[in-house]
Structures are given as structure tokens and as C-alpha cells.
Amino acid sequence: MDTMRDRFAPVVSRLLDEDPRVAVVLAAIGTDGFAGAARRHPRRVVDVGIREQLLVGAAAGLALTGLRPVVHTFASFLVERPFEQVKLDLGHQDAGAVLVSAAASFDWPAGGYTHMAPGDVALLDTLDDWTVHVPGHPDEAETLLRHAVAAGDDKVYVRLSVQSNGRALPVDGERFRTVREGRSGVVVAVGPMLDAVLAATEGLDVTVLYATTVRPFDGAALRWATETAGTDVVLVEPYLAGTSTAAANDALADVPHRVLGLGVGRRELRRYGQLEEHVAAHGLDARSLRERIGGFFGAAVRP
Amino acid sequence: MTDATLTHTYTHADLPGLMGLMTGDEKHGPAATSTLDVLWVLYDRVLRVSPESREDPGRDRFLLSKGHGPMAYYAVLAAKGFLPVEWLPGFGSYDSPLGHHPDRTLVPGAEIGSGSLGHGLPIAVGTALGLRAQGLDEPRVWTLVGDAELDEGSNHEAIAFAGPAGLDRLHTVVVDNSSATYARPGGIAARFEAAGWSALTVDGRDHEALYAAFTAPHPGRPHVVVARVEPKSA
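First to last, the sequence lines map onto chains A and B.
Numbering-wise (UniProt numbering), the first sequence opens with residue 1 and increments by one.
Numbering-wise (UniProt numbering), the second sequence opens with residue 1 and increments by one.
Among the hints, a few may not be true.
Claimed, not checked - In silico lysine to any residue, SDA-like type, Cα no more than 20 Å apart, as pairs:
no., chain 1, residue 1, chain 2, residue 2
1, B, K232, B, A160
2, B, K232, B, D206
3, A, K87, B, D103
4, A, K87, B, G115
5, A, K87, B, K232
6, A, K87, B, G153
7, A, K87, B, S116
8, B, K232, B, L117
9, A, K87, B, A180
10, B, K232, B, T215
11, A, K87, B, G99
What the hints assert, rightly or not - Selected chain B positions facing chain A (Cβ under 8 Å, derived; list incomplete):
no., residue
12, R59
13, H100
14, R104
15, L106
16, P108
17, A124
18, G130
19, L131
Please keep in mind that the hints were generated in silico from the structure rather than gathered at the bench.
From the three backbone atoms N, C-alpha and C, an ideal C-beta is built for every residue, glycine too.
Please put together the full structure from these sequences, using the hints given.
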């Protein structure tokens with residue numbers, strides 16, 4: 001199967017053909033995929049070289065002239081290195097852009113921590129008014145990329161990963177989706193975590209919500225799910241554990257509730273190896289998840 | 001939001017009086033006066049932008065990157081009718097749109113909000129790219145940076161890119177009041193020239209010299225004018 005990132009250049013190249021507002025800004029990463037589009041639209045495909053502050057600043061300038069910039073590099077270099085540009089050049093200037101990252105939390109474990117960004121969504125959470133899409137399948141990535149580019153002048157982050165579920169679900173760029181209904185707890189699976197969550201909760205009496213758009217957080221869906229399944233909630237996120245805990249708490253602020261946030265651990269692992277080894281090390285494989293989810297919900301969850 | 005009641009035509013001689021209406025940011029005083037003549041010559045004689053055309057896609061853009069000490073900027077915008085002179089005394093107060101660093105969403109005619117150093121030139125690069133991508137080849141993009149502000153690495157990313165990219169609609173004016181922590185070996189203009197820019201260095205208080213430098217042809221290359229003024233410490 002191809003990856004989400006394999007879809008990125010073809011999809012956005014088509015959008016460049018269709019919409020004269022679209023521009024692509026790159027910083028020496030991902031340029032090969034846009035070679036054809038760059039020949040067709042030499043002024044709307046810009047590679048600024050290895051300059052990530054300029055990458056985001058230039059995108060803001062493009063937006064201020066009325067274009068819709070799509071900005072791409074690894075998450076570490078897109079969100080973390082030029083964070084003040086994201087905050088000021090886009091946020092404070094009231095300029096929009098679509099930031100599309102690759103490498104996610106640990107897509108390239110052999111590359112080490114320099115190319116890992118488990119904190120990207122938490123970091124964006126310090127800013128106002130960002131839409132964050134976390135697709136769980138290449139088909140979903142394609143849909144969400146189109147939503148992101150079409151979203152006027154909104155500030156949108158699309159987080160692409162090589163982690164993927166086996167099959168795609170319909171996504172609308174807004175709402176959580178109910179994929180299983182139970183009566184003894186709610187599990188929210190974000191993006192590529194869904195397959196592991198479904199395996200981990202097999203036979204348990206829980207509701208499983210699938211979230212591919214996590215900001216704004218669909219508090220209404222969570223709230224609705226707790227009306228039949230109770231207010232014990234587990235969030236399973238492919239990035240820093242607890243990233244959405246505050247959003248879940250806000251959604252349930254006026255009812256007694258418990259929230260467990262599972263995700264990538266804060267401590268730097270300092271290991272290379274394979275993706276699956278990192279998933280397991282952070283307790284995000286199906287077996288670990290079943291233990292932790294079952295332990296949190298207690299005996300009531302078992303049929 | 002423009003001042004429809006503007007009947008008085010302000011001149012350069014009025015600017016100190018307009019600046020005098022603003023109090024409370026004396027710390028930035030030298031930074032404010034260092035830019036006064038550069039701003040006046042640009043807005044009075046060079047930039048093709050007015051209160052009436054400030055939303056026109058074909059206007060020239062001026063991006064004040066050095067957002068510290070914006071009194072001269074506000075005074076010039078008021079003198080040219082972008083904002084009411086009556087706003088000036090409120091400078092920095094809760095109800096005033098005029099802060100000690102400008103906010104583009106509050107100040108009519110301000111293309112960017114600035115204050116944090118090193119953002120204007122990269123955004124100006126993007127603005128030049130965006131205009132070029134839309135076939136708007138007439139508008140010129142100007143940004144004003146300080147010599148110390150040039151120390152920010154983000155500016156060097158922009159300088160290094162803009163020359164080889166041939167962004168000939170891009171212009172930078174560096175107001176040099178010798179405030180950089182380490183003077184740039186070889187001078188400021190040399191840094192730009194090495195990156196393929198056209199560069200001129202002039203007396204930043206001499207209006208004719210500034211005008212000549214601002215309007216000098218520079219085919220195929222971005223253009224920088226280094227405007228030397230008295231040292232900040234003087």
C-alpha cells in the first residue's frame with residue numbers, strides 16, 4: 001500500500017492545476033514529487049532551500065497577496081523549528097496556510113529523535129484557531145488534504161504518517177465517527193491508532209469513536225457517546241500522551257468524569273530500530289492498549 | 001477608516017510635532033527617529049499607495065519589519081491620511097489601535113504586524129513571490145529592517161534566497177544606526193551583494209540621496225538601500 005505522503009504531491013499537484021490560488025512552498029524536502037507541477041506552474045511551486053523560517057514566513061507573504069499556500073516538510077522542521085513564524089507570521093498576521101507534515105512521531109525510528117515530533121499537535125494547541133487533521137489511511141489523507149486546501153483562508157495542519165489503518169473510513173473533515181457502540185466506556189482513537197484500538201477493545205463493552213479531525217475537538221460527539229456509555233473516557237493518540245485530555249475535560253466539564261490519555265511518552269526513548277518497536281515501547285500496540293484500557297475501565301467493561 | 005476630514009497637507013516639517021503627540025515609549029525613541037527620513041521619502045515620493053488604494057492588489061507594499069519605536073511610522077501614516085491624527089495621543093493605551101509595536105489588523109495601511117525581529121523580510125519575500133505568481137509585475141515590495149535586526153538568522157535565509165531567485169520587485173532598506181552587537185565585517189551592503197542583490201549605501205538623512213537610491217534601476221535583482229544615520233548611542 002502506498003503511504004499518505006505518496007498521495008500528497010499527486011493530490012496537491014492536481015489542486016495546483018485546478019485552482020489558481022494554490023501555491024506550494026517547500027524547503028528541499030519533497031521536491032521530487034512536484035517536479036511536473038513545478039514545470040507547469042513555475043511561479044506557484046517554490047522551493048526555498050533548507051530554510052524553514054523562510055518557508056513559513058514566505059508562505060505568510062504569499063497568503064497576504066491572496067494565494068493559498070500549502071507548506072510541506074517534516075513535522076520537526078515545519079512546526080517546531082519555525083514555531084515563532086507559525087505563531088506570528090500566520091497567526092498574528094491573520095494569514096492562512098495549509099501546513100502538511102511528514103515523519104509524524106516516529107515514522108523513521110532509525111533516523112532518531114532529530115526527526116521525531118510527538119509534540120507537534122500539543123505545540124499547535126498553544127495557538128488559537130488551528131484545524132488539525134490526523135488521517136488514519138492514505139485515502140483519508142487525500143480527502144482531508146482537499147478539505148484543508150478548500151478551507152478558505154483557515155490555518156490547517158495535516159499530519160501525515162506511514163502508520164496507517166488497514167482500511168479507510170469516510171471522513172468529513174469535522175466530526176468524530178462512531179465505529180463501535182458499548183455501554184461501559186468511551187475510547188477515542190485518533191487517526192492511525194484505530195486498528196490497534198479496535199483490536200484492543202475486541203469483546204469489551206465500549207464505544208469507540210474515530211477522530212481524524214482533532215481540532216476543533218468534537219466535544220459534542222464525545223458528550224453524546226458518554227450518554228449511553230458513561231463518562232469514563234480513554235483517548236488514544238499517535239502523538240504526545242494527553243494532548244487532547246484538556247479538550248475532553250472541557251467537553252465533560254459539567255459532569256463527573258474520568259479521562260485517561262494514552263499516546264507517545266514524553267521521555268526521549270533514545271532507540272532506533274523499527275516503527276513497530278516504538279509503538280510497543282510507548283504501549284500503543286493492541287496488547288498493551290487492552291491492558292491499559294481494561295485496567296482503567298475495570299470489571300464493568302467485560303461482557 | 002481613512003481620515004476623510006484631512007484638509008491640511010502635512011509636510012516633513014510637521015512630523016516632529018506629530019511624533020510629539022505620542023508619549024510613553026521613550027525607550028524606543030532613538031529607534032523611532034532613526035527611520036523618520038527614510039519613511040518620509042518612501043511615503044512622500046516613492047511608494048504607490050494611498051489611503052484610497054490600500055486594499056488595491058496593484059498597490060506597492062511597505063512592510064515595516066523593525067516594529068520597535070513605530071512613532072515615526074504612525075506619524076507618517078497620519079500625515080498621509082491613512083489614520084486620523086487624533087489617534088496619535090492615545091498611543092499605547094488600552095483603547096488605542098496604535099501599540100508600541102504595530103498590529104496590521106488594527107492600523108490602517110500597515111501591511112504586517114511587527115515587533116519580533118526578523119519577520120518582515122521573509123514575509124516580503126513571500127509577498128513578492130505571491131505578486132509574481134499572479135502576474136502582478138508592477139507593484140514593488142519594500143521592507144524596512146534595522147542593522148541590528150539583520151543579525152536574526154531568518155533575514156539571512158531571506159537574503160540568500162531572494163538574490164538567486166531574482167526577486168527584482170523586492171526592496172529592503174536597512175536603517176543603520178550602528179546598533180548591531182558585532183559590526184558586520186565588510187559592511188552591510190557587502191552581505192547583500194554577495195547574495196546577488198543590488199546595493200547602495202547613502203546618508204539616511206539626505207532626502208535627495210535616499211530618493212536617488214530608492215529609485216535606482218536594478219534589473220533582475222532585488223535591491224537594498226543601506227541608510228546610515230547617527231549611531232544609536234550618539
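Query raised in the report: Hint check: is the beta carbon of R104(B) less than 8 Å from a beta carbon of chain A?
Result: Check passed: Cβ of R104(B) comes within 6 Å of chain A, closer than 8 Å.
**Report entry** Given pair status - G153(B), K87(A), alpha carbons within 20 Å
**Finding:** Distance ~17 Å between K87(A) and G153(B) Cα, so the pair holds.
**Report entry** Given hint K232(B) paired with K87(A) - CA-CA distance at most 20 Å
**Finding:** 30 Å, violated
Query - chain A contact restraint for G130(B) - C-beta distance below 8 Å - result: At about 3 Å, which falls below the 8 Å cut-off, the nearest Cβ of chain A leaves the hint on G130(B) intact, so it holds.
Report task. Go through the hint on R59(B) and say holds or violated, using the shortest Cβ distance to chain A against 8 Å. Result -> Check failed: Cβ of R59(B) comes no nearer than 11 Å to chain A, outside 8 Å.
Query - Pairwise hint evaluation, A160(B) against K232(B), where the allowed Cα distance is 20 Å at most - result: Violated, because 27 Å separates the two Cα atoms, which is more than 20 Å.
Query - chain A contact restraint for L106(B) - C-beta distance below 8 Å - result: Interface hint status for L106(B): violated (11 Å vs cutoff 8 Å).
Report task. Starting from K232(B), check that the Cα of T215(B) is at most 20 Å away, please. Result -> Status violated; Cα separation ~27 Å.
Query - Hinted pair K87(A) and A180(B), Cα distance within 20 Å - result: Judged against 20 Å, a Cα distance of about 26 Å means the pair is violated.
Requested in this report: Let me know if the C-beta of L131(B) comes in closer than 8 Å to any C-beta of chain A, holds or violated.
Outcome: OK, holds: L131(B) within 8 Å of chain A, min 5 Å.
Query raised in the report: K87(A) and S116(B): Cα distance at most 20 Å?
Result: Given pair K87(A), S116(B) holds - Cα atoms ~11 Å apart, limit 20 Å.
Query raised in the report: Does the alpha-carbon distance linking K232(B) and L117(B) stay inside the 20 Å limit?
Result: With Cα atoms ~17 Å apart, K232(B) and L117(B) stay inside 20 Å; holds.
In this structure, the hints that do not hold are numbers 1, 5, 9, 10, 12, 13, 15 and 16, in rising order.
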